[in-house]
Amino acid sequence: MSSESRAAKAAQIRHLLDTEGDAVATNTRGFNRGRYDSVADLEEYQGLKDEARAIKEDAIERLPELIDELTETIEENGGTVYIADDAADANEYVAEVCAERDADRLVKSKSMTSEEIEVNEHLDREGVDVVETDLGEWVLQVAEEAPSHIVAPAIHKSRQDIADLFNERFDPDEPLETAEELTMFAREKLLARIKEADVGMTGANFLAAETGTMALVTSEGNARKTVTVPDTHIAVAGVEKVIPTVEDLRPFVELIGRSGTGQDITSYISLFTPPIDSPAVDFDDPDTPITDGEIDREFHLVLIDNGRLSMREDDDLRETLYCIRCSACSNTCANFQSVGGHAFGGETYSGGIATGWEAGIEGLDTAAEFNDLCTGCSRCVEACPVGIDIPWINTVVRDRINETGDDGFDFLVDGLTPDAEDESSPTLQKRVFGNFETLAKLGSATAPVSNWLGRSRPVGWLLEESLGVDRRRELPAFRRETLVEWADRRDETTPADPERRVALYPDVYTNYMLVERGKAAVRALEALGVAVEVPAAPGTGRPPLSQGMIDTARAKAEGVVEALEPHLEQGRDVVVIEPSDLAMFATDYERLLEPESHRRLADHSYELLEYVYGLLENGGSPDALSVADGEERVAYHSHCQQRTMSLEAHTVAVFEECGYDVTTSDVECCGMAGSFGYKTQYYDLSMDVGEPLAGQLRDADADHVVASGTSCTDQIGDLLGVEPPHPIELLDPGR
Amino acid sequence: MMTRSDTYDRFAESAGEYGVELTRTTAESLPGTIESVITTPVVGAPLPWDDCSLPEPVPTDPSPAELDAAVTGVSAASLAVADYGSVVLEATPGGGEPVSLFPDEHVVVLREDDIVPDMETAFEWLDEQFRDTGGSAIVATGPSATADMGSLVKGAHGPKEVHAVVVT
Ligand code: SF4
Numbered sequence: 000m001s002s003e004s005r006a007a008k009a010a011q012i013r014h015l016l017d018t019e020g021d022a023v024a025t026n027t028r029g030f031n032r033g034r035y036d037s038v039a040d041l042e043e044y045q046g047l048k049d050e051a052r053a054i055k056e057d058a059i060e061r062l063p064e065l066i067d068e069l070t071e072t073i074e075e076n077g078g079t080v081y082i083a084d085d086a087a088d089a090n091e092y093v094a095e096v097c098a099e100r101d102a103d104r105l106v107k108s109k110s111m112t113s114e115e116i117e118v119n120e121h122l123d124r125e126g127v128d129v130v131e132t133d134l135g136e137w138v139l140q141v142a143e144e145a146p147s148h149i150v151a152p153a154i155h156k157s158r159q160d161i162a163d164l165f166n167e168r169f170d171p172d173e174p175l176e177t178a179e180e181l182t183m184f185a186r187e188k189l190l191a192r193i194k195e196a197d198v199g200m201t202g203a204n205f206l207a208a209e210t211g212t213m214a215l216v217t218s219e220g221n222a223r224k225t226v227t228v229p230d231t232h233i234a235v236a237g238v239e240k241v242i243p244t245v246e247d248l249r250p251f252v253e254l255i256g257r258s259g260t261g262q263d264i265t266s267y268i269s270l271f272t273p274p275i276d277s278p279a280v281d282f283d284d285p286d287t288p289i290t291d292g293e294i295d296r297e298f299h300l301v302l303i304d305n306g307r308l309s310m311r312e313d314d315d316l317r318e319t320l321y322c323i324r325c326s327a328c329s330n331t332c333a334n335f336q337s338v339g340g341h342a343f344g345g346e347t348y349s350g351g352i353a354t355g356w357e358a359g360i361e362g363l364d365t366a367a368e369f370n371d372l373c374t375g376c377s378r379c380v381e382a383c384p385v386g387i388d389i390p391w392i393n394t395v396v397r398d399r400i401n402e403t404g405d406d407g408f409d410f411l412v413d414g415l416t417p418d419a420e421d422e423s424s425p426t427l428q429k430r431v432f433g434n435f436e437t438l439a440k441l442g443s444a445t446a447p448v449s450n451w452l453g454r455s456r457p458v459g460w461l462l463e464e465s466l467g468v469d470r471r472r473e474l475p476a477f478r479r480e481t482l483v484e485w486a487d488r489r490d491e492t493t494p495a496d497p498e499r500r501v502a503l504y505p506d507v508y509t510n511y512m513l514v515e516r517g518k519a520a521v522r523a524l525e526a527l528g529v530a531v532e533v534p535a536a537p538g539t540g541r542p543p544l545s546q547g548m549i550d551t552a553r554a555k556a557e558g559v560v561e562a563l564e565p566h567l568e569q570g571r572d573v574v575v576i577e578p579s580d581l582a583m584f585a586t587d588y589e590r591l592l593e594p595e596s597h598r599r600l601a602d603h604s605y606e607l608l609e610y611v612y613g614l615l616e617n618g619g620s621p622d623a624l625s626v627a628d629g630e631e632r633v634a635y636h637s638h639c640q641q642r643t644m645s646l647e648a649h650t651v652a653v654f655e656e657c658g659y660d661v662t663t664s665d666v667e668c669c670g671m672a673g674s675f676g677y678k679t680q681y682y683d684l685s686m687d688v689g690e691p692l693a694g695q696l697r698d699a700d701a702d703h704v705v706a707s708g709t710s711c712t713d714q715i716g717d718l719l720g721v722e723p724p725h726p727i728e729l730l731d732p733g734r
Numbered sequence: 000m001m002t003r004s005d006t007y008d009r010f011a012e013s014a015g016e017y018g019v020e021l022t023r024t025t026a027e028s029l030p031g032t033i034e035s036v037i038t039t040p041v042v043g044a045p046l047p048w049d050d051c052s053l054p055e056p057v058p059t060d061p062s063p064a065e066l067d068a069a070v071t072g073v074s075a076a077s078l079a080v081a082d083y084g085s086v087v088l089e090a091t092p093g094g095g096e097p098v099s100l101f102p103d104e105h106v107v108v109l110r111e112d113d114i115v116p117d118m119e120t121a122f123e124w125l126d127e128q129f130r131d132t133g134g135s136a137i138v139a140t141g142p143s144a145t146a147d148m149g150s151l152v153k154g155a156h157g158p159k160e161v162h163a164v165v166v167t
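Taken in order, these protein sequences are the chains called Y and P.
Just so we're aligned: 385 in numbering that gives the first Met the number 0 is position 386 of the first sequence, and the numbers increase by one with no gaps anywhere.
Just so we're aligned: 81 in numbering that gives the first Met the number 0 is position 82 of the second sequence, and the numbers increase by one with no gaps anywhere.
Each hint should be verified, as a subset may be incorrect.
[To be verified] Example chain P residues on the side facing chain Y (calculated, C-beta under 10 Å, incomplete): (1) Ser-35; (2) Thr-39; (3) Pro-47; (4) Ser-52; (5) Pro-54; (6) Pro-56; (7) Gly-95; (8) Asp-126; (9) Val-138.
Simulated from the structure, these hints should not be mistaken for lab results.
Virtual Cβ for every residue (Gly too), placed ideally from N, Cα, C.
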């Protein structure tokens, strides 16, 4: 990305933050809180997720067979099935059905698949009036805007925006104001349109092959009217929506509303086996009882491929097809909460999983536009009811985008980049962040000159112009003596008869910059009777992975295993300070390494405070650590990946055992997320995401603010003006 | 094991959370009970049980105009789900679907015996039912609702109020 395109991106993001940011933030955070509450009430949440995942895995595996079964059943029921290769094919078919029915008006209930094929525009050209009946969709149709969220399309509009829009467009006798007035106004207007409709169009959340039953998940009731009133029903659905039986719907019915908007269940789950046995309601003939005549309904299912069957063949994109479009990944995403789907979205889909959809349906170009907005924080992984590893899909797509070549990189400074993967590939900015370890080595070897240089204004300018490192960010300071060197050099202090032995993993930050937290870790572990070694080891490969440089990340992973394996063989546990590195060992390495190497490392690696917690549980005394002096209060921000691994509670418990009073932040992510917040095009977004965190930390009014991850400490340092220490530094017996 | 009355209580509690009003009655008193909770003009769909009938003022076989004018719609639920406070409304040739959808108030009649404890049981039933009949049904929970206009509003396209009459 050139500095001009970075500036343009920054401007676009700033504009969205100013205009739509507040409405998106309020609504998505509300949904997200609702999700936490609603799933907490569900005893068998994990079991239902596993079931849902298993059903989708099996269905996608057997997809061609299920499509055949569904087609046969629907045709036996008296409906028609059309399998469309792409959007144009689907639209032509829909237009033909409308023409055959002489239809002037089609009413439509909300469907992302229909957005994907842009059927409205097509029918409009064919002279069919299309009316959206979902209230949010209709607002956008009136405003001529695109959805900004897959479930709540008008999420970026406030009540006031909608009131202004309606008052201006429809000029009602009394200006509309309240949500109630706006809703009733829309209801009336839309009812009039539905009465005159010739055809009803819906999507389908699920299709059961065995009986030909479709499920529509809604709350407003417009889908019911759309299907019930006109005698012709066209449903458009991606081929991936097929599941075997009606019984298989059950876990989805229990999960979908909770995951998305935080409702235990939506008002209506329609289970239609079309053509349905309900009389059509012909308002052109208002006085004849609807139950009088024969029930003569027509039903067309348009099953759309549009790239999906190729996604099914693609080992990395296949999981995208498990997606049930619940929007949990959008609502839980810190970046999405700030800017919404107009920045974090493609042609049709938005949020975390949109990268997979857009890459599969539209192509890499479209995905490239917004793929960077996924920082890999992983908060969506536990939110997703079908357990899709969304960050991995984003990484893979980023890797593919990288391979397709330059998005405007600057040859002038090309020679400065360390370890270029290969000449054709990622942009300079990506490569610099991806090879941060090399820079760190260099920086440490040349400290303090490198630190002094980094702070000088001309260098700041050069870094921003060429590499896109925002000059408002303070760069980390390199330390002359690394942690590994310190550990090698110091006098032997190992406990004489150690209970346990660990290899403390010297991540790049701890080793070259945040050396103090490494020393504190060594002292704390030793005080608890543990023998500690700090072996030299390469970085985990997290930075290159997050830039989509998968081969580089794999090489790092192999280096890490080589360095740590001898220690594992001697019975040492591996203790990791940086939570994102533990996430690498535990999950990402599964994709990068042989299963056996991965398992051995993953099974014996622990996050530092998780390990301290274990030591205290097994008889270690908190008094060996630095305990609270009276009523000391700690405000603690856990790292996003640490939370995804359910490791926040350990740190809290350790602090409490050491006598501290702890409050925790509950924002999903600090907004820095590795190198994300350093990038000049994302600086404003990163700060916007960080603001609620800063607010919570300020409100806590604690004696100590602590944070587990390096990016979190950088970000909080910028937000509060004071860099918080790692929890272990507060507990350091040498403090 | 949940007893029958536990199941009813659980249903009443969950449905109550969605603002659904409940009245418990017997088959004999059903017509009177329905009459006491409806607002006219009213439309209805026939109840599918031999011992249960609608009161005089509730005409079935509505025309579109009657549907449009009705304040209350009365129809039967085949099943209810205690955990969620949901009712299962089958789409039948008798017009149960439009009757339960157009008027502002839906009076849903169900038999206490047809309340099942959870979704799992409900979906076993639906699965079997649909395999036999190819039918259609709505799992309806509370009134229709939307939050698209800035805060939660009941009655977006469907009923604003739901009243369940449970026949013991
Ligand atoms: S990826 Fe998962 S969380 Fe995101 S919309 Fe799809 S199913 Fe929901």
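Quick rundown of the hints versus the structure:
With a least beta-carbon distance of about 26 Å to chain Y, the hint placing Ser-35 (chain P) at the interface is violated under the 10 Å criterion. For the restraint placing Thr-39 (chain P) at the interface with chain Y, the shortest Cβ-Cβ distance is roughly 18 Å, beyond the 10 Å limit, so the hint is violated. With 10 Å as the threshold, the beta carbon of Pro-47 (chain P) stays out of range of chain Y, its nearest partner Cβ sitting at about 13 Å, so the hint is violated. The beta carbon of Ser-52 (chain P) comes no nearer than 17 Å to any beta carbon in chain Y, farther than 10 Å, and the hint placing it at the interface is violated.
Taking 10 Å as the C-beta contact cut-off toward chain Y, the hint placing Pro-54 (chain P) at the interface is violated, the least distance being around 19 Å. Hint on Pro-56 (chain P) is violated. Least Cβ distance to chain Y is approximately 17 Å, over the 10 Å limit. A least Cβ separation of about 7 Å between Gly-95 (chain P) and chain Y falls short of the 10 Å threshold, and the interface hint therefore holds. Against a cut-off of 10 Å between C-beta atoms, the interface hint on Asp-126 (chain P) holds, since the closest Cβ of chain Y lies about 4 Å away.
The restraint placing Val-138 (chain P) at the interface with chain Y holds, with a minimum CB-CB distance near 4 Å, inside the 10 Å limit.
In summary, the structure is inconsistent with hints 1, 2, 3, 4, 5, 6 from the numbered list given earlier, while agreeing with the others.
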